[in-house]
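A.B. asks: Listed here are the chains, written in short residue letters.
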Amino acid sequence: MKKIIVLLIVLFIICGCSNENVKNEVNVLNWSSYIPYSIIDDFERETGIKVNYGTYSSNEELLAKISSSNEGVYDLIFPSDYMIDLMIGKDMIEKIDIKELENFKNINPMFLNQDFDKNNEYSLPFLAATSVIAVNRNNIKDEINSYNDLLNSKYKNNIVLIDDQRIIVGMSLLANNYDMNDIDKNHIEEGKKWLLKLNNNVKAFDSDSPKTFLITNEVDIGVIWNAEAIIAKNYNKNIEIVYPKDGFALSLDNYAIVKCSRNKKNAYKFIDYLLREDINKKITEEYPYINTTISGINMKTEELLNVLKNSTYVKNIGSSISLYDKVWAQIK
Amino acid sequence: MKNNFFKNLLLILVFIFLFLPIIVLIIYSFNSSQMNILFEGFTLKWYKELFNNTDLIESFINTFLVAISSTAISTIIGTISAYGLYKYDFPFKKIINGLIYIPIVIPEIVLGISLLSVYTLMKLELSLMTIILSHIAFSIPFVIVSVRTTLTKETITYEEAARDLGASNYRVFKDIVLPTIMPGVISGATLAFTLSLDDVVISYFTAGPGSNTLPLYIYSMIKTGITPDVNALTSIILIITFIILLSLVIIQSRKIRKEAI
Amino acid sequence: MKKEQSMFKFIFTFPVLVYTFILILLPLLYILFLSFCKSDSYGGIIYTFTLSNYLNIFDITYIKMFIKSSLIAILATFICILISYPFALVLRTKSKHIQNLCTKLIMVPFLTNSLIRTYGWIILLRKNGIINTALINSGIIYTPLSLMYNRIGIIIGMVYTLLPFMLLPVCSSVLEIDNNIIEAAKDLGASKIQVFKNIILPQTLSGVFNGSLMVFMPAIGYFFITDILGGGKIMIIGNLIKNQFLTARNWPFGSAIAIFLIIITIILIKIYKRLGGKMDDLGGF
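Protein chains in written order, with the working numbering: chain D, 1 to 332; chain Z, 1001 to 1261; chain P, 2001 to 2285.
Note that these hints are calculated values from the structure, not bench results.
Predicted, not measured: the structure shown is a model, and the values here were computed from it.
Ideal Cβ positions, reconstructed from N, Cα and C, are used throughout, including at glycine.
Fair warning: there could be bad hints in the mix.
[Claimed, not checked] Here chain D is said to cover these stretches of chain P; the calculated rule only asks that three of the stretch's residues, wherever they fall, bring their Cβ under 8 angstroms from a Cβ of chain D:
hint : region
1    : 2167-2180
2    : 2225-2237
[Unchecked claim] Straight-line Cα separation of at most 35 angstroms, DSBU-like style, residue types lysine-lysine; simulated pairs:
hint : chain 1 : residue 1 : chain 2 : residue 2
3    : D       : K90       : D       : K326
4    : Z       : K1087     : P       : K2003
5    : D       : K326      : P       : K2094
6    : P       : K2009     : Z       : K1094
7    : D       : K197      : D       : K245
8    : P       : K2104     : P       : K2094
[As the list claims (entries may be wrong)] Label-pair distances were calculated between CB atoms; the ranges are:
hint : chain 1 : residue 1 : chain 2 : residue 2 : range
9    : P       : L2201     : D       : D184      : 35 to 45 angstroms
10   : Z       : D1055     : P       : N2137     : 35 to 45 angstroms
11   : D       : L196      : P       : I2140     : 28 to 38 angstroms
12   : D       : E121      : P       : F2078     : 30 to 40 angstroms
Taking the hints into account, I'd like the entire structure generated from these sequences.
C.D. replies: Written as structure tokens, this is what we have:
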């Protein structure tokens, strides 16, 4: 028993990068529904590089997969802000050499030099999203511009929320004028009470496709990612997208190269391809997240400035996450 | 008469319950809308589109490759093991008897992550092979358990009789044991097959780059919504399995009739 | 002869030894090991011994959730029995052909992707879904019923997904009863109730318990059903474990809950054995 444990530990610690891969391929792990499959096919045809494409639906899923796999299994991943910070801390990603990227100049500087990776040593921005309130104006006429407006008892069973504890508990903190990443016990307790009040109005928590609730008139209000809200709006013009005045979450997903990647050159080629003007545009046309390039910008500068000013990144809060976890278990 | 009516009604209601969502799914494979939300009109285009979707077809082929090979291997190992556990005494037998139930009860996510760690420990390269290995890992207990139910005292009696008459070990196993445990082997294999076809969580963790299975493919679509070509594919799979099952039933019915005569 | 014997024994016992030690014991030891570790602030694992993960399970918040989760699973199990038992009794009265056909048909829904089946239920159960529309159009109700995004939806989903696990063992145990025994009892003047109580029930009890375990254990773990049909409003143990691995990055705590679940299962199996059940019936259809 003891020997096995020692063996386990030793084998987990041993590492060291092996050689470059001989096969002409690149192993990519990306968020589900983020790059249209047609773009990957085009890249393969153009360059002759085979893209082995896998998906994940949360940063932690990605972390679990990378940290438990052998070194060099994956090349290119797309972690969000706080996960970049965490992965740098755990020495899981490589430094990025922008000289390898012809289209680096296309990146919108507004998204560079963010807190989680000050000089973009390890990551480059890919797509961004913010949490917003979406309101179906066919059925709701009241003014809604802050989270506290959602507490109105008229909206019983009429709200859908993202099924994400950091965003939702964060929202309750913002509603009480605290920071979204607050780790003070008493503040979180206040947030919990606020959420218990809101709970009567909540019909469902859904992180897969909350837009469906709005499109099918199952609910009239949603706190959801802006891309979801935009798709819902394409179905129903009377859906209004509100940036809550108490603040909201910003999530920036980034290109990152996994430590010991065996297909670094191909990974750079793929990043460069996605940064190309025409390609980048295609991605956000299919999935309306916030484009982070100069050529593909899909938001008015004024709106973008407002978004960047009033939003907050989800931050790594370490073991304090157990406080959030408990609140989550209590409101469900 | 009236009583009979209620009895039949009960059977029919249970089957309606079981098949209702599947009928909906087949209907929606003819839906002209891209989103699986509202039925907007009849179309056959998804069936055409299906054959142009190489990723979907590839994941479909992978799924069956995994399901068939993992079922074959786990059925063989499971059957052999069930017999071995039943017949022989050997070291650790008691512990093994207890441990084989663990994959049945352990949450999939825990099994998935721990298997991934074991593969990493053994420096195995993640690929379709590791998915197959994992499916074998969770299927074997189901096979062992269902084969065991068909191993009875009578089997042993027949076995000894045959051996007394000079039959070799091999002949005894092939001609006496195997036929009596066959129903258990078949149901174990069916179970292993269906579990493998449907697995998402364990496949997710133990899949290598680019080795997509159908459930993983579907899982990656839930954000944008499952497209109707997936419905179309599922409908085709359903109809094929339906035909296979029906012909099995007809063959077996003939057998029963013959035996009755 | 002796040599052949021992080689035979080797063939029949060696694979299961290898399998159990590599693919069951090793992963299990890993989880057991993790459950006594600490997690660091980056979601990594600190290799120092602690019992805090196990103590954490007994926090009132989690105890409440375990009870809630168990109640849902018990209800789902109970409904499965209520459907399966009469179904099997009726099937007994039918011809062999129909019995054969019906037991095969039960397997068909099993062969489609469970996620897609669950989406089929959404289309049926939504506020303006097929069932509500049909009921309103036929004048039976005026306002749509809340059939999902609540406990009703979870129970429907659980019962639907797990019903075959109950139907198959219950049917096989009910169909196995020898008709001659029942006839003999009737000839001796036993009433219908007596036949049921003294012959049918005792012989089928193991099938029912067998099915119950196969329904109950997944019913506390199947998080995708609470997520999709329950609207994510109710957490079950499966969600809690998933959260520890994929949100809270607290693998040790998640492992401890998993070990806790395994212990509960062992206890349930012990109870089953004490009630006179055969171990091998579990999971065997």
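A.B. asks: Assess, step by step, whether the Cα of K2104/P is no farther than 35 angstroms from the Cα of K2094/P, and give holds or violated.
C.D. replies: 15 angstroms, holds
A.B. asks: Starting from the hint 35 to 45 angstroms, judge whether the C-beta atoms of D1055/Z and N2137/P obey it.
C.D. replies: This hint holds: roughly 40 angstroms between Cβ atoms.
A.B. asks: Closer than 8 angstroms Cβ to Cβ for three or more residues is the test here. Does the region 2225-2237 of chain P pass it with chain D?
C.D. replies: holds (count 7)
A.B. asks: In terms of beta carbon proximity below 8 angstroms, does the region 2167-2180 of chain P have 3 or more residues touching chain D?
C.D. replies: violated (count 0)
A.B. asks: Does 30 to 40 angstroms hold as the CB distance between E121/D and F2078/P, or does it fail?
C.D. replies: 59 angstroms, violated
A.B. asks: Does the Cβ distance between L196/D and I2140/P fall inside 28 to 38 angstroms?
C.D. replies: With a Cβ separation near 35 angstroms, L196/D and I2140/P satisfy 28 to 38 angstroms, so the hint holds.
A.B. asks: Is K197/D within 35 angstroms of K245/D, Cα to Cα?
C.D. replies: Status holds; Cα separation ~20 angstroms.
A.B. asks: Need the status of pair K1087/Z, K2003/P: alpha-carbon distance at most 35 angstroms?
C.D. replies: Answer holds: K1087/Z to K2003/P is near 17 angstroms, not above 35 angstroms.
A.B. asks: Given the hint that K90/D pairs with K326/D, does the C-alpha gap stay at or below 35 angstroms?
C.D. replies: 26 angstroms, holds
A.B. asks: Does the Cβ-Cβ separation between L2201/P and D184/D fall within 35 to 45 angstroms?
C.D. replies: 59 angstroms, violated
A.B. asks: Between the alpha carbons of K2009/P and K1094/Z, is the straight-line distance 35 angstroms or under?
C.D. replies: Holds, at about 17 angstroms.
A.B. asks: Going straight from one Cα to the other, do K326/D and K2094/P come out at no more than 35 angstroms?
C.D. replies: 53 angstroms, violated
Checked against the numbered hints above, the structure breaks hints 1, 5, 9 and 12 and satisfies the rest.
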